[in-house]
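Q: Generate coordinates for the entire structure from the input sequences, incorporating the hints supplied.
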Amino acid sequence: MKPSLFKVLSWWKVLTIILLLYTAFAGFLLPVPRLPILNETIRNLYFHVPMWFAMIFILFISVVYSILYLANGKMKNDNMAVETANTGIVFGIMGLLTGMVWAKFTWGTFWTGDPKLNAAAVGMLVYLAYAILRGSFSDDQQRARISAIYNIFAFPVLVVLLFVLPRMAQDSLHPGMGGNPAFNQYDLNSTMRLVFYPAVLAFMLLSYWIATVRTRLRNLEYKMSGIQ
Amino acid sequence: MKKIVINLSLLFMLTFSLLAQENVTPQNKAEEVEMADKFRADGKIYVVVSVVAILFAGLLVYLISLDRKVRKMEDELEGGAHK
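Protein sequences appear in the order of chains A and B.
Heads up, the first sequence is in this note's numbering, so the first residue is 1 and it goes up one at a time.
Heads up, the second sequence is in this note's numbering, so the first residue is 229 and it goes up one at a time.
The hints are simulated quantities; they were obtained by calculation from the structure and are not laboratory data.
Incorrect hints may appear among the rest.
25 Å max Cα-Cα, derived BS3-like pairs, lysine-lysine [unchecked claim]:
1) A:Lys13 - A:Lys76
2) A:Lys223 - A:Lys76
3) A:Lys76 - B:Lys300
4) A:Lys13 - B:Lys300
5) B:Lys272 - A:Lys76
6) B:Lys297 - A:Lys13
7) A:Lys104 - A:Lys13
8) B:Lys297 - A:Lys223
9) B:Lys272 - A:Lys74
10) A:Lys223 - B:Lys300
All values reported here derive from a predicted model rather than from experimental measurement.
A: In structure tokens form, the structure reads like this:
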């Protein structure tokens, strides 16, 4: 507990670093259950799934800041809402790409018309539309207000797309869907939880870190444009 | 304090029961499933681990430097604005 370390980096950033490096090591070296077809790719659980957890987490933060913006009209809240949404989009795209690679080697194809996959893709489109919507205003206040309202409605749509509709589908290859078990099947080995939960926390914190740095940059830009 | 001790001991008991469960699972069938055993026996998995660790560390260093750069700008701009 050196206070000087926390002066350079706040405690949660130090925690992010520790957890990420832990994930890199433990994710490969700790034992995993032996399952056919999946084989060692089961370790993707530590890297693919946390992308989606981080995305949902950071997009939820985005909604919070959109509500704050509507409540007090401060531009820095809108800046945070945009950058958290942008970070969420990045993590979502990472989730899609990693899932596609995993699918290629376990299901035999990069993409299937699976309810979970299609819903995730549509969910990403909802947020890409948010980014496009923002670009279509010239007035700062108008852009901030309308996109905040859009953002607040986009989040529940995403939640329904990712967690409700795929579960209602009759059959799906994706774990956790259509009567297909998720974790519990793999989790005969409880050591997987020892990596999975820290990994989820690590990527959530990382997404927040990236979003805050980008927000601070945007705040500076906004301030500088006011000075000139 | 008493509560903490009770909670901790419960947590330990839970851990042990989970570990015990793990030992009960039949190993013979699971051994047939192919895993990266040879790869691991060769010790080369550590190459991959270190590559990924370097990758994560590199990205983190980049993020930290970005963070500090932004802070420096903040200090300059906000320090100037307040004066």
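Q: Just pull the numbers of the violated hints for me, sorted ascending.
A: 5, 7, 9
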